[in-house]
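Novice: If you read the sequences in order, they're chains L and C. Per full-length UniProt numbering, the first sequence starts with residue 1, numbered consecutively. Per full-length UniProt numbering, the second sequence starts with residue 1, numbered consecutively.
Everything labelled a hint here was simulated from the structure, so no lab data went into it. Every residue, glycine too, gets a C-beta built ideally from N, C-alpha and C. Be careful, since some hints might not be right.
Below 25 Å or equal to it, Euclidean Cα-Cα: the simulated DSS-like pairs (lysine-lysine) are [claimed, not checked]:
1) Lys257/L to Lys195/C
2) Lys257/C to Lys171/L
3) Lys270/C to Lys206/L
4) Lys257/C to Lys195/L
5) Lys144/L to Lys14/L
6) Lys317/C to Lys270/C
7) Lys317/L to Lys195/C
8) Lys222/C to Lys195/L
9) Lys222/C to Lys8/C
10) Lys171/C to Lys206/C
11) Lys195/L to Lys294/C
Okay, the calculated bits of chain L under chain C, using three or more residues with CB under 8 Å as the criterion [said to hold, decoys possible]:
12) 132-140
13) 177-187
14) 212-223
Chain by chain, the residues:
2 protein chains.
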Amino acid sequence: MFKNFISKILQHQKVAVFSHVRPDGDCLGSQVALCLWLQKNGVETSAFNEDSIPENMGWLLDFFPISKPMEAELSNFDAFVVVDGNALHRFGETAEKISELGKPVYMIDHHPDPDDIFEEFVSEVEASSTCELVYRLYAEHDPKQIDEHAAKAMYLGLVTDTGSFQFDSVKPGTLHAAADLLDRGGFTPNQITEKIYSSRPLRQLKLLSLALDTIELHAGGKISTITITRDMFEQTGTSNEDTEGFVQYPLSVEGVKACVLFREDGDRIKLSLRSQSDIDVNKWARKFNGGGHKKAAGAWHSGPLQTAVDEVINAGKEQL
Amino acid sequence: MFKNFISKILQHQKVAVFSHVRPDGDCLGSQVALCLWLQKNGVETSAFNEDSIPENMGWLLDFFPISKPMEAELSNFDAFVVVDGNALHRFGETAEKISELGKPVYMIDHHPDPDDIFEEFVSEVEASSTCELVYRLYAEHDPKQIDEHAAKAMYLGLVTDTGSFQFDSVKPGTLHAAADLLDRGGFTPNQITEKIYSSRPLRQLKLLSLALDTIELHAGGKISTITITRDMFEQTGTSNEDTEGFVQYPLSVEGVKACVLFREDGDRIKLSLRSQSDIDVNKWARKFNGGGHKKAAGAWHSGPLQTAVDEVINAGKEQL
Numbered sequence: 001m002f003k004n005f006i007s008k009i010l011q012h013q014k015v016a017v018f019s020h021v022r023p024d025g026d027c028l029g030s031q032v033a034l035c036l037w038l039q040k041n042g043v044e045t046s047a048f049n050e051d052s053i054p055e056n057m058g059w060l061l062d063f064f065p066i067s068k069p070m071e072a073e074l075s076n077f078d079a080f081v082v083v084d085g086n087a088l089h090r091f092g093e094t095a096e097k098i099s100e101l102g103k104p105v106y107m108i109d110h111h112p113d114p115d116d117i118f119e120e121f122v123s124e125v126e127a128s129s130t131c132e133l134v135y136r137l138y139a140e141h142d143p144k145q146i147d148e149h150a151a152k153a154m155y156l157g158l159v160t161d162t163g164s165f166q167f168d169s170v171k172p173g174t175l176h177a178a179a180d181l182l183d184r185g186g187f188t189p190n191q192i193t194e195k196i197y198s199s200r201p202l203r204q205l206k207l208l209s210l211a212l213d214t215i216e217l218h219a220g221g222k223i224s225t226i227t228i229t230r231d232m233f234e235q236t237g238t239s240n241e242d243t244e245g246f247v248q249y250p251l252s253v254e255g256v257k258a259c260v261l262f263r264e265d266g267d268r269i270k271l272s273l274r275s276q277s278d279i280d281v282n283k284w285a286r287k288f289n290g291g292g293h294k295k296a297a298g299a300w301h302s303g304p305l306q307t308a309v310d311e312v313i314n315a316g317k318e319q320l
Numbered sequence: 001m002f003k004n005f006i007s008k009i010l011q012h013q014k015v016a017v018f019s020h021v022r023p024d025g026d027c028l029g030s031q032v033a034l035c036l037w038l039q040k041n042g043v044e045t046s047a048f049n050e051d052s053i054p055e056n057m058g059w060l061l062d063f064f065p066i067s068k069p070m071e072a073e074l075s076n077f078d079a080f081v082v083v084d085g086n087a088l089h090r091f092g093e094t095a096e097k098i099s100e101l102g103k104p105v106y107m108i109d110h111h112p113d114p115d116d117i118f119e120e121f122v123s124e125v126e127a128s129s130t131c132e133l134v135y136r137l138y139a140e141h142d143p144k145q146i147d148e149h150a151a152k153a154m155y156l157g158l159v160t161d162t163g164s165f166q167f168d169s170v171k172p173g174t175l176h177a178a179a180d181l182l183d184r185g186g187f188t189p190n191q192i193t194e195k196i197y198s199s200r201p202l203r204q205l206k207l208l209s210l211a212l213d214t215i216e217l218h219a220g221g222k223i224s225t226i227t228i229t230r231d232m233f234e235q236t237g238t239s240n241e242d243t244e245g246f247v248q249y250p251l252s253v254e255g256v257k258a259c260v261l262f263r264e265d266g267d268r269i270k271l272s273l274r275s276q277s278d279i280d281v282n283k284w285a286r287k288f289n290g291g292g293h294k295k296a297a298g299a300w301h302s303g304p305l306q307t308a309v310d311e312v313i314n315a316g317k318e319q320l
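So that you can see chain L by itself, here it is in the shape it has in the complex (with noise of 0.2 Å):
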């Protein structure tokens, strides 16, 4: 799968790797992973993102560090590479000037519908994150290179982008990375999932106190609502990082088959949908200018609040 990919980008001197804005465990794993696999084949790499490493990650830069990108020193790179996005709009307005560069640019990801501007890609929809394909390009290349830095980073997309090994994207051969992934980087998974589960602020509770009591059911029950709204932000004291997760929460009550979270951010609302069905939330947010997967995806609203609500929920009831 990886062959005209390891061949291409191992030919280059110095590659810079992106991982996409609002950054994720499985986009910063990705990215770490092979940042570190390309410095052990003998390619100068540095990583950037354009936003802040969310808290319960920041242990990731101990293993490779991820600064904001220069628009001015990036002319020094012969490549770049860009990870669980398949356009370079997802990696901020930096990464989108790459492409004027006349340097080759790379990507390995796992949404569908990728951009066709990529020098070579590995676009895998059926994988369950993209560091389960940067696990097969280790596996391909020298599984021996997989150090414990390089399989923490690695584990944390899978446990991340799979609701900790839940959702129907993981197949035997996700499990299977996995195992392998302790097994050679000596580790147990409670390294990983207490970082990023057993370490939140207080504050982050209590904003699930106010957004739980938001959850309402509607289409006769198959579809739930959760809502955050700024007020609930100031009362806390938290910000949007801190409403990591809460989407399933509305998504778990018995006969829902598609729920969505509204966040109000600036002017607008973001649009979180989450779907245990066949309801695809991909075609549902595209009616909001966004997308994602079948299963999960985003979009945003102008607003306010109740109109959101009410357009999404008359869009959603179409797809049922």
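Add chain C to chain L, keeping to what the hints say.
Specialist: The following block gives chain C in isolation, referenced to the frame of chain L:
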């Protein structure tokens, strides 16, 4: 590991398998998978449990029926097996009497300090779950006997006893086993986890909303508490079973080493204590005539609520 167990147990014609009282996913999953294995290998088998099966695991009964044991019928069996517990009193009043019948009793379990009454047993404290041990029984005897029903039953125990593969008990072998179960059973994890975790009544999330608002930190943030009052139950139409898993929330706060859940129950206060450090909550609970394990214990306090909180926190500070 199972050589003696297999050769002895398959010599019996009629075997009864018990799972422990207040049953969970691991005891029920291992019970059903073991019964299917005995049946496949020519042994007439019955499954017993003295309590009710949790609603979200009722689907297991379609794979193999589990009924309440009647003392009179037990003399019809040639042998007994207890799973996921290593002392007969864990299996209820009727099970406690099987030792008087003069028939061999077998045991498969992963808890420490087994009783010495068993004809043959497999007791592995290092195993993530009893289901992982039953998987090894199948693997050692004939892995092709793992069909969809046995695979799903064992997967249930693997998932529930490891907090969805997050605990330090998860080893590479655990994940390879889980992968093999997905493969042989022909299913994806969500087919199990949605039944277990994603079918909560909405009222339970409303109760969680109220409970999260009560989380407080004590002892410089090392101990946390969460409180559930009679009022909250009335306001949300919930009962004791709806608090399942709530104790994980105060424990997940950054810096917290141990936590206590206080629940008004009749005239008393039920205490649930959890630790993710060297704090031994078994010792702590014993000060209130309770007990359990080092990392999870329970006790009762005569109340009222505020007195309970004050006294229990003071006792906890002595443990630090």
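Novice: With reference to the structure, classify each hint as holding or not holding.
Specialist: Going through the hints against the structure:
no. : hint                 : verdict
1   : Lys257/L to Lys195/C : holds, 13 Å
2   : Lys257/C to Lys171/L : violated, 35 Å
3   : Lys270/C to Lys206/L : holds, 23 Å
4   : Lys257/C to Lys195/L : holds, 14 Å
5   : Lys144/L to Lys14/L  : holds, 23 Å
6   : Lys317/C to Lys270/C : holds, 19 Å
7   : Lys317/L to Lys195/C : holds, 24 Å
8   : Lys222/C to Lys195/L : holds, 17 Å
9   : Lys222/C to Lys8/C   : violated, 51 Å
10  : Lys171/C to Lys206/C : violated, 36 Å
11  : Lys195/L to Lys294/C : holds, 22 Å
12  : 132-140              : violated (count 0)
13  : 177-187              : holds (count 5)
14  : 212-223              : holds (count 4)
Hint violations for this structure: numbers 2, 9, 10 and 12, all remaining hints satisfied.
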